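These protein sequence lines map, in sequence, to chains A and B.
Residue numbering for the first sequence follows the working numbering, starting at 1 and increasing by one per position.
Residue numbering for the second sequence follows the working numbering, starting at 1001 and increasing by one per position.
Certain hints may be false.
Subject to a maximum C-alpha distance of 30 Å in a straight line, what follows is the list of computed BS3-like cross-link-like pairs (lysine-lysine) [stated by the list, open to error]:
1) K36/A x K57/A
2) K36/A x K70/A
3) K1009/B x K1070/B
4) K36/A x K56/A
5) K1014/B x K1083/B
6) K70/A x K57/A
7) K51/A x K36/A
8) K51/A x K1057/B
9) K59/A x K36/A
10) K1057/B x K36/A
11) K1071/B x K36/A
12) K1057/B x K70/A
13) K1009/B x K1071/B
14) K70/A x K59/A
15) K1009/B x K36/A
Hint data in this document are derived by calculation from the structure and do not stem from the laboratory.
Keep in mind that this is a model prediction, so the values were computed, not measured.
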Amino acid sequence: GQQVMQIPQYQHVQEGEDFTTYCNSSTTLSNIQWYKQRPGGHPVFLIQLVKSGEVKKQKRLTFQFGEAKKNSSLHITATQTTDVGTYFCAGAGGTSYGKLTFGQGTILTVHP
Amino acid sequence: DGGITQSPKYLFRKEGQNVTLSCEQNLNHDAMYWYRQDPGQGLRLIYYSQIVNDFQKGDIAEGYSVSREKKESFPLTVTSAQKNPTAFYLCASSWGDGSYEQYFGPGTRLTVT
């Protein structure tokens, strides 16, 4: 079945440093979504990317969808302590129509 | 989020007992999902339902069962056949298939001893 791999598993940064997490799918995706889960909380939707090569920005967050629609990245500029949490990518399409396949997530810690 | 409720927040059971986790949504969403979350493994899909009275197995359905008799409700039963039931269980809903964002409930942390 479809697999979505996400790296790194953990990332520790100093406040103000940049952060990037990468997501790779074994199959071509129809769309990719990103979620954030704060410690002790539940995943919350951040954004969806649909088009090949698409780039979207939300303040300090930049999301990219690869040209082949098999990979994606989330980049945070100048991290803040409020950015701590686990970031998940989730892909849809191919053999997994009707559901999302989540990556393992990247746990981000930010040291003040 | 605000439109999905899961109860209870914490649940303790003895090995060999079946336990049912509740999930209710008032968002009028057609699709509902159950995920299991273990440390370092992300979210794994247990079961999902895109319409009332219909549901499909996810990636780790063994030892679990569900029903979808009402649009707003999608209870999950963890049976005694589930070998490692201790986990954080998350319910989600969406307007339809994988092209729609999913809204998650607060989760139920199940501990089986």
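Holds or violated: K1009/B with K1070/B, Cα cutoff 30 Å?
Judged against 30 Å, a Cα distance of about 22 Å means the pair holds.
Is K1014/B within 30 Å of K1083/B, Cα to Cα?
With Cα atoms ~13 Å apart, K1014/B and K1083/B stay inside 30 Å; holds.
30 Å Cα cutoff - pair K70/A, K59/A
Holds, at about 25 Å.
Against the 30 Å threshold, does the CA-CA distance of K1057/B and K70/A hold or violate the hint?
Holds. K1057/B to K70/A sits at ~25 Å (cutoff 30 Å).
Does K1071/B sit within 30 Å of K1009/B, going by the straight-line distance between their CA atoms?
With Cα atoms ~22 Å apart, K1009/B and K1071/B stay inside 30 Å; holds.
Straight-line alpha-carbon gap K36/A to K56/A, limit 30 Å
16 Å, holds
Below or equal to 30 Å on CA atoms is what counts here, so check K51/A against K36/A.
21 Å, holds
Restraint check for K51/A with K1057/B, where alpha carbons must lie at most 30 Å apart:
Holds: K51/A and K1057/B sit about 29 Å apart, inside 30 Å.
Checking one constraint from the list: CA of K1057/B to CA of K36/A, max 30 Å. Satisfied?
The hint holds at about 25 Å.
Regarding the pair K36/A and K70/A, is the alpha-carbon distance no greater than 30 Å?
Distance of about 20 Å is within 30 Å: holds.
Holds or violated: K70/A to K57/A, with C-alpha atoms at most 30 Å apart:
Holds, at about 19 Å.
Please work out if K36/A and K57/A have their alpha carbons no farther apart than 30 Å.
Holds - the C-alpha atoms of K57/A and K36/A are around 15 Å apart, at most 30 Å.
The structure is consistent with each of the numbered hints, conforming to all of them.
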